[in-house]
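Chain by chain, the residues run as shown.
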Amino acid sequence: MAKKAKSTKDVLTVPELVYAEVSVRSVGGVSLFETPGLITSETVPNFYSESQLVNSAVERLRTEGFEVLQVGQTTITIAAPAEVYERVFKTKIAAEEREAIKEFGEVTTATFLECPDTAIPGLIEPSKSPLADVLEGVALSEPVYYFASAFPPPKAYWHLDVPADVSLGMNADRAHRFGFTGRGVKVVMVDSGWYRHPYFIRRGYRASSVVLGPGATNPSHDEHGHGTGESANVFAVAPDAKFTMVKINFVNSVGAFNAAVALHPDIISCSWGMSKKNLPLSAANQALAAAIANAVKHGIIVIFSAGNCHWGFPGQHPDVISAGGVYMHADGSFEATQYASGFASNIYPGRKVPDVCGLVGLPPKAQYIMLPVEPKDYLDTSLSGGSHPSGDETVADDGWAAFSGTSAAAPQLAGICALMKQVCRRLTPAQVRDILKKTARDVTKGKCCHGHSGTPGADLATGHGLADAYYAAAYAWFLCIITRTEEKVTEEEMQTMEDIILKTKE
Amino acid sequence: MDEGISSMVSAEAILRSKSGRSLARADVAVTAENIEEFTPAAATIAEATRCLQELGFAIEPSGVTLTILGKPALFEEVFRVKLSLKKDEPTGGITVHPDGELAIPDSLRDVVEEVVFPEPPEFFP
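If you read the protein sequences in the order shown, they are chains A and B. The numbering of the first sequence is numbering that gives the first Met the number 0, which starts it at 0 and goes up by one. The numbering of the second sequence is numbering that gives the first Met the number 0, which starts it at 0 and goes up by one.
Each hint should be verified, as a subset may be incorrect.
Said to hold, decoys possible - The calculated DSBU-like cross-link candidates involving lysine-lysine, where the alpha carbons are at most 35 Å apart (straight line), are: (1) K81/B with K185/A; (2) K17/B with K375/A; (3) K81/B with K241/A; (4) K17/B with K185/A; (5) K81/B with K276/A; (6) K70/B with K276/A; (7) K85/B with K276/A; (8) K276/A with K17/B; (9) K89/A with K70/B; (10) K17/B with K296/A; (11) K91/A with K17/B; (12) K185/A with K276/A; (13) K185/A with K86/B; (14) K375/A with K85/B; (15) K351/A with K296/A; (16) K86/B with K375/A; (17) K296/A with K276/A.
Keep in mind the hints are simulated off the structure, nothing from the lab.
If we strip away everything but chain B, and leave its shape as in the complex, we get:
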């Protein structure tokens, strides 16, 4: 059984902010004081959710960014990228390593700035 192919993987979609400032390429510290400037409008969230769902992704409740879930093949097809998957022992979590930046399709470009796979953190015991 191929663990990777049948697993769901998850990424964060960074949405275009209502102020026009880029969160992905923020040139200042993003803090509670200025987070409003990096927050998308409700209409952007709704449109991005609709488009991503239409493409086949599941969306989870999120904050400033959208958490999207789908099979690796779906990510590869939609964002024109090759993914390698690694199973973390002992947690069993699947970490995802794309071979480059994910290309945002035209249908999403107005609402989605970037889609990223968060790098796996380490525990600090």
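Just chain A, with the same shape it has in the complex:
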């Protein structure tokens, strides 16, 4: 039963960063905020602005200390501390708690920002500011709530739910019961953004504010949905990891990757790339290779998806953990999926892709893992409806979509790496990859997209097979214990340890 909340006008704290929509003087001569008529698709051109005026406004807003986040056709999105607004617009900003209906129909209160000088709620009048000649008004952003459920929609076709089914498939449940949960380990994902979906909030996962890569905007939204959805794979395996998203926005992948490195994480997970079958690599590709090499040299574990039929780059770079795909049937059996890449690199001789695998669906679309996304984003709408496997049978605005690809495998492996780093901080990226390979479950059925078959032992279809969270973490734990002393561990002792762990596994 929802509780009725009271509206209050208590003194509240204004957030550190205040977001607003700025309207540049409209071509129609009437302010967007003062028009007596309705703003419709027919009348909206009256509220567009001259390009020169907009450019001038953007420049001058920046000069005054505002961050310009997005330049739209009718408004400019800005952000700055409240003091900047108060100085520039010679006003005061106050916080008010008002009644609001949040997710799950909960009637509660939310913090709204108000400017007491104007009659229109949330409007700042710019006439006393040095920007009066270009701006007609500034609208303080209001909190908005979507109505996505924390629970995935039930569907009759065979698919995996997070966290339970992915955790089970990656054999993470057993690791969790030993206390291996990724606690204290920093995992950064470079992707399309991250939306604070009720799925994450209700489970109390630890996620920091989104960091914007170069040129990226809108830190609180994930317009695509890919980053939000695939991040659920990290938490399914490592529920206590400290997670941060760097929003890439396609603009500069090297800069976004370096922004992730600058956060000094333990692990960087990337579910993207391009197809590069042969040399030469472009200068930009070399810059990306250098960024990855530099990260690994500094001890950061870097995971890249191998690709979905792509000759994935950087998924084939020698320093990354390359994530391929294995399909888990409803009876728990495994096979290589034809959706995922598997190849010997022509660019890096001797490099075989993938190293190990995560859980990935089958062609045509690998609509396999039901993942949380921002309601009405690209994936929510584009994958919705239809009949599985050509559609995910969800509705277009429910905040859930079924997808996977090797995009899902990379964060699953990142989760396992987080468990390993939790139990043995000093593991190097090379040791982590070695342990993942040694403890993976061999997959002897099916074919990868490039036509290679799963066979006993390592192969190009799945590398060393499906990664195993429990045995990888256990191996890392034992390794850390036996190498703790000054005394050198003999090869024989190492072999004994390996036998104990891997025989238990069999």
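Got chain A; can you put chain B on it based on the hints?
Frame of chain A; chain B shown alone:
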């Protein structure tokens, strides 16, 4: 409102390495083992940062390369290139397509090897 003109775009400046080896035209795999050979000296990073800032670019924290940001017109003027901009739907990100290699101005030539716009990657769902 012209989306492209008012947007900031971003590129990577590949700096001259302290070993003299070219990263942009590396003839070996660039890996954690040899990355030191492709890394610029601290003085090169400082000088490149200063010069690029003087030209009007913003610099973001970077690794081996420098991430530079500026308006398209600034890139066109400094690097004598024509840019076409394409808005990616649905992310809203602006991808940049130059009509040729960016020409490094004399003031940067001692410290900057090349300036490149990374090609937009695709997600692998």
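Hints, verified against the model:
1. K81/B with K185/A: Roughly 41 Å between the alpha carbons, so the hint for K81/B and K185/A is violated.
2. K17/B with K375/A: This hinted pair is violated, its Cα atoms lying about 50 Å apart.
3. K81/B with K241/A: Between K81/B and K241/A the Cα gap is close to 43 Å, so the pair fails against 35 Å, i.e. violated.
4. K17/B with K185/A: It holds: about 32 Å lies between the C-alpha atoms, which stays within 35 Å.
5. K81/B with K276/A: holds, 29 Å
6. K70/B with K276/A: holds, 34 Å
7. K85/B with K276/A: Distance ~26 Å between K85/B and K276/A Cα, so the pair holds.
8. K276/A with K17/B: Between K276/A and K17/B the Cα gap is close to 31 Å, so the pair holds against 35 Å.
9. K89/A with K70/B: Holds, at about 30 Å.
10. K17/B with K296/A: Holds, at roughly 17 Å.
11. K91/A with K17/B: violated, 53 Å
12. K185/A with K276/A: holds, 33 Å
13. K185/A with K86/B: holds, 32 Å
14. K375/A with K85/B: holds, 23 Å
15. K351/A with K296/A: holds, 21 Å
16. K86/B with K375/A: Holds: K86/B and K375/A sit about 19 Å apart, inside 35 Å.
17. K296/A with K276/A: holds, 25 Å
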